[in-house]
Structures are given as C-alpha cells and as structure tokens.
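1266 is the number that my numbering gives to position 243 of the sequence shown; each next residue is one higher, with no gaps.
You may find that some hints are simply not true.
[What the hints assert, rightly or not] Here are the simulated SDA-like pairs of lysine to any residue, each with C-alpha atoms no more than 20 Å apart in a straight line:
no. : residue 1 : residue 2
1   : 1148      : 1263
2   : 1352      : 1376
3   : 1148      : 1111
4   : 1317      : 1368
5   : 1352      : 1380
6   : 1324      : 1369
7   : 1111      : 1257
8   : 1122      : 1137
9   : 1111      : 1162
10  : 1196      : 1244
11  : 1343      : 1358
12  : 1260      : 1196
13  : 1374      : 1336
14  : 1374      : 1349
15  : 1374      : 1285
16  : 1374      : 1323
Just so you know, these hints were derived from the structure itself, not from any lab.
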Amino acid sequence: MNENKRENKFNFVDNISIKEAPTVATVKTEENKSKLHKIYIGFETRVCLYVIFILIFFLSGCFMALSAFNFGMNEVVSYKEESHASYKVCLKENNYYNKECLDEGLQYLSTLTNSINVDFNYDVKFSTNIDYKLAYHVTALVRVYDPVDHTKILYENEDIIIDKVDISNNSDKINFNTSASIDYSKYNTSMVEYINSYAPGATADIDLVLYLDEETETRKISSVNVPLAITSYGINKEEILKNSDVSIDTNIWTESNSYYIIIGTLLILVSLFLLIRVTRLVIRGTAKKSKYHKIVNNILKEYDKYIVIARDGFIPDGNKKTVKVEEFKELMDARDALNKPIIYSKVNDIKSEFIVEDTEIVYKFSIKEADE
1024 MNENKRENKF NFVDNISIKE APTVATVKTE ENKSKLHKIY IGFETRVCLY
1074 VIFILIFFLS GCFMALSAFN FGMNEVVSYK EESHASYKVC LKENNYYNKE
1124 CLDEGLQYLS TLTNSINVDF NYDVKFSTNI DYKLAYHVTA LVRVYDPVDH
1174 TKILYENEDI IIDKVDISNN SDKINFNTSA SIDYSKYNTS MVEYINSYAP
1224 GATADIDLVL YLDEETETRK ISSVNVPLAI TSYGINKEEI LKNSDVSIDT
1274 NIWTESNSYY IIIGTLLILV SLFLLIRVTR LVIRGTAKKS KYHKIVNNIL
1324 KEYDKYIVIA RDGFIPDGNK KTVKVEEFKE LMDARDALNK PIIYSKVNDI
1374 KSEFIVEDTE IVYKFSIKEA DE
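Modelling step: build the complete structure from the supplied sequences, incorporating the hints.
In structure tokens form, the structure reads like this:
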C-alpha cells in the first residue's frame, strides 16, 4: 500500500516535470529570461529611490515655476548714457553775412535771425541686452520772466515740435537721432510785443527740448536755450554724459515663461504622484501583517518540520532543470516523493521562494506580495 502511494507521488512529480518543463534547455532559457526581465528591488532601496526622484522632480519643478515668474530676477545693469545737441543759426537775407547759416558758439543778432536748426543725438550702451519700449518727443517752451524777480514766470507756452516717436528692441544699446527747427523770428517778434505792451523790462527765452518717454517717467535728455527780445544773444546747451547702474525689472511674461510654467507644473505633479506611491508603499511595507506575510508565516508555522530556512538566501544549481509549481500543496507532494527538505528563501521584502532540490530537477514555489 505504501509502495503504491510513493509510486503515485513520483508519478505526480514526473507529470509536473513533463507539463512545466519539456526539456532542460527550454527551462534554463526561460529561467535566464526571467532573471533578465524580473529584477526585484528591496523595500529600503525602493523607498530611497522614490525619495530621490521626488526631490529631483519637485525641486526642478519649483525652479521652473520660479523662473517662469522671474522671482528675484531684477538685474543690476551698468550703462553709459550720452545726449548731444548741435545747432546752426540760419539768417534772414542781409548784406553782411555771406553764409545762410552760422555755426554754433557765436553771438547772434536777433533782428537777422530767421530760424534755429537743432540736431539731437541720444546714445545709451548697457552691459547686457535688455528689452526696452520707449518714446521721445520735442517741444518748444517759451517763458517770460518778471523784471524784478527773474525766478517768477509771467507767461509760459509750450508747442509740440515733434510728436511722440516709439522705439523698442532687445539690445545692449539705444540710439536715435532727430532734427528740429524753431522759427526764431516768429517767437522773438511775439515776445517783443508782449514785453513792450505788458511787462517793460521783462526777459524771455525759448527752450527747444528733447524728452525721453519711459514707462515710469518723462525726462529731459537734451535742450538748447535761446534768449528772446534782446539785441544779441548766445545759445546754451544742456547735454548728458554719465555712467551709472540701473535695476532692470525682467518680470515680463513671454512665450518662454509659458513653457517654464507648464514644465514646472508637470514636474511638481509627477513628484506628488510619486509621493503618493511611496506613501502607500511605506504603509504596506510597515504594516504589521499584510496578506502576503500572513500566507508566508502560516506556511512556515504549519510545515515547520519540513522546512529549512536559508537565512542568507538560496541559489539553486543553474545546471538543473527548474519546475515551477502553482500551489504549495504540489511542492509538498514533490517533497514527500523525493524525501527532500523544503528550503525557504526570502528573496526580498515582497517575494519568497520555497524550493525542493533533487539531483537533476529543482521544484520551486514562489509567492509575491503583488500576487495577493
């Protein structure tokens, strides 16, 4: 009776071998492929990798988002600013001068002056490229001053000589030139009549001014001052020549900012997804008893006298044919038939193997947490 039973068990083992592993070469090939494609990483290592990737994605996402909004991106830029004005005094027809216009730096007769032509030049050089959007315009400002207190203004009038001209670019320099002309004879005649009629002894002048229209202010960058209502006059100029630093606000939304915010948002979302994954992994890994651990512990407890625990793991002989069984009960049948111990090997925190090794065949029952 016992002989028949043992024979049946050996027949069961033979059936498993034939069904699961037709040839030794096939089984070894499949086992090698399985080792190549199934790489199991330990619990602690997986948690560390998750944390590293979470930090990389989150910090990269924050950097991209901050770059998109240009936080802390005000940049101190050095610059050299220059403005120049050159003029010619053009005359009425007369019998004394053989030139139509006189050069600057002389004294001029008001009765012979027809017009004053001015060429303005403005030039700024920055230490780096900047985005700028500006404008400029030219006005003629006429004033009459109190004859007693010359700081007080009796009359003032401003005419637009050149309307606003917009300029914009991304460059390390700003440069433009413009020309303007004032009808000196007209303004002078008008002011002589005003002073003679209303303010004898008063003085008058006209400023031809080049203004720069910036986002935050409009400022005078060059001008020429011409006295009126006197017999002879000289012309004074105001120009700029300075080196300085300026804080440039780079908080301007461009297409690049849109790309930064999209990429940054995606990276942060990926880091949050990984955080959820690692949290679930830690909860499962640190749980007192998962279903996987309960099954392994129950097998070790119930079949303790048949099981040998390999504390440092167990690697079967690679030259032997490997047969994988689907249930632990089948592995017990193989153990009974071969009268060999069952070797327990903990592959990692989420996988365990129970092995019966014969002279030519290895019977293996594997259980993984992912299977439960």
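Each hint tested on the structure:
Distance hint between residue 1148 and residue 1263 is fulfilled; the C-alpha atoms sit about 13 Å from each other, no more than 20 Å. The straight-line distance between the Cα atoms of residue 1352 and residue 1376 is roughly 14 Å, inside the 20 Å bound, and the hint therefore holds. Of the supplied pair hints, the one linking residue 1148 and residue 1111 is violated, its CA atoms being roughly 28 Å apart against a limit of 20 Å. Annotation: proposed proximity of residue 1317 to residue 1368 holds, straight-line Cα distance about 16 Å (limit 20 Å).
Only pairs whose Cα atoms come within 20 Å are accepted, and residue 1352 paired with residue 1380 is accepted, the gap being roughly 16 Å. The straight-line distance between the Cα atoms of residue 1324 and residue 1369 is roughly 15 Å, inside the 20 Å bound, and the hint therefore holds. A threshold of 20 Å between alpha carbons decides the hint, and for residue 1111 with residue 1257 the separation of about 12 Å falls inside it, so the pair holds. With a CA separation close to 13 Å, the supplied pair residue 1122 and residue 1137 stays within the 20 Å bound.
This hinted pair checks out: residue 1111 and residue 1162 have alpha carbons roughly 18 Å apart, not beyond 20 Å. Restraint check: the Cα-Cα separation between residue 1196 and residue 1244 comes to about 16 Å, which is no more than 20 Å; the hinted pair holds. Simply put, residue 1343 and residue 1358 have alpha-carbon atoms about 17 Å apart, close enough for the 20 Å limit, and the pair holds. With a CA separation close to 24 Å, the supplied pair residue 1260 and residue 1196 exceeds the 20 Å bound.
A distance of roughly 12 Å separates the Cα atoms of residue 1374 and residue 1336; the hinted pair therefore holds under the 20 Å criterion. Pair hint residue 1374 plus residue 1349 holds up; C-alpha atoms about 15 Å apart against a cutoff of 20 Å. Of the pairs offered as hints, the one joining residue 1374 and residue 1285 is violated, with about 40 Å between alpha carbons and a cut-off of 20 Å exceeded. The suggested pairing of residue 1374 with residue 1323 holds, with an alpha-carbon distance near 14 Å, which does not exceed 20 Å.
Hint compliance for this structure: hints 3, 12, 15 are broken, all remaining hints hold.
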